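Chains as they are written, first to last, in my numbering: chain A, 145 to 262; chain B, 31 to 144.
Warning: the hint list may mix true and false statements.
[What the hints assert, rightly or not] Straight-line C-alpha distance at most 30 Å; calculated DSSO-like pairs for lysine-lysine: (1) A:Lys199 <-> A:Lys158; (2) A:Lys185 <-> B:Lys91; (3) B:Lys91 <-> A:Lys164; (4) A:Lys208 <-> B:Lys91; (5) A:Lys208 <-> A:Lys158; (6) A:Lys164 <-> A:Lys199; (7) A:Lys210 <-> A:Lys158; (8) B:Lys91 <-> B:Lys79; (9) A:Lys164 <-> A:Lys210.
The set of hints was computed from the structure by calculation and includes no laboratory data. Just so it is clear, the structure is predicted and the values come from calculations on it, not from any experiment.
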Amino acid sequence: GAVVSQHPSWVICKSGTSVKIECRSLDFQATTMFWYRQFPKQSLMLMATSNEGSKATYEQGVEKDKFLINHASLTLSTLTVTSAHPEDSSFYICSAGVQGGGALDTQYFGPGTRLTVL
Amino acid sequence: AQSVTQPDIHITVSEGASLELRCNYSYGATPYLFWYVQSPGQGLQLLLKYFSGDTLVQGIKGFEAEFKRSQSSFNLRKPSVHWSDAAEYFCAVNNAGNNRKLIWGLGTSLAVNP
């Protein structure tokens with residue numbers, strides 16, 4: 145149980161185009177979804193937290209107009225990288241939160257999406 | 031501020047040897063602690079978690095971790111390492127606040143010699 149999928153697993157795009165990444169919780173309903181960015185050989189950097197039906201909460205330094213997050217249902221969240229540039233090339237990972245009691249969540253992670261912007 | 035420290039950036043062990051990966055945290059209240067593993071090219075997999083109760087937690091793949099409040103530690107252990115355990119290991123703390131964010135350590139890269 146607690147499987148999270150991401151699509152696509154990798155994408156190559158031209159500079160200036162937009163790319164959409166989907167994150168789905170396959171066998172559970174996620175109250176909260178998280179989007180991370182991971183640079184090579186580094187830890188995860190949280191970009192934003194999204195709750196179904198409400199606006200995402202972005203971390204300091206993350207441009208909300210560049211990284212658009214939509215959380216339309218309890219099983220689907222999307223991240224759109226708008227007007228992508230080479231510096232946006234990275235490994236993007238989503239996670240879905242399962243409430244474990246009270247304010248506690250366990251996060252289950254998708255396999256990640258490798259974005260390369262030419 | 032909350033923080034997680036993984037003192038060892040890289041560890042190499044021989045196959046069959048025991049393993050201990052260190053994790054120290056700084057958190058004002060009772061922490062909720064996690065260990066995740068990331069294999070090359072793959073996503074993060076939850077190994078185990080501690081919420082409350084028994085301070086020795088059993089996880090998947092033969093891993094266990096012990097919560098020691100007095101030392102602010104949550105070290106991961108495995109009695110006998112397999113070559114397939116080579117991966118990146120991350121310790122994390124849940125801030126248990128309204129936003130449920132995880133505070134991450136920088137990770138420990140584990141290499142296993144045959």
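Review point. Quick one, are Lys199 (chain A) and Lys158 (chain A) close enough, alpha carbons at most 30 Å?
Key: holds, 28 Å
Practice item. Please work out if Lys164 (chain A) and Lys199 (chain A) have their alpha carbons no farther apart than 30 Å. Key: Given pair Lys164 (chain A), Lys199 (chain A) holds - Cα atoms ~17 Å apart, limit 30 Å.
Practice item. With a cut-off of 30 Å on the C-alpha distance, tell me whether Lys208 (chain A) and Lys91 (chain B) pass. Key: violated, 39 Å
Exercise for review: Take a quick look at whether Lys91 (chain B) and Lys164 (chain A) sit within 30 Å of each other, Cα to Cα.
Suggested key: violated, 34 Å
**Study point:** Distance restraint between Lys164 (chain A) and Lys210 (chain A), which requires alpha-carbon spacing of 30 Å or less
**Key:** Cα-Cα ~12 Å, so holds.
Check your understanding: CA of Lys210 (chain A) to CA of Lys158 (chain A), is that 30 Å or under?
Key -> Roughly 16 Å separates the two Cα atoms, so the pair holds.
Point to revise | Hint consistency between Lys208 (chain A) and Lys158 (chain A) [alpha-carbon to alpha-carbon, up to 30 Å] | key: holds, 21 Å
Point to revise | 30 Å Cα cutoff - pair Lys91 (chain B), Lys79 (chain B) | key: holds, 14 Å
Point to revise | Holds or violated: Lys185 (chain A) to Lys91 (chain B), with C-alpha atoms at most 30 Å apart | key: holds, 23 Å
Of the numbered hints stated above, those contradicted by the structure are hints 3, 4, listed in ascending order.
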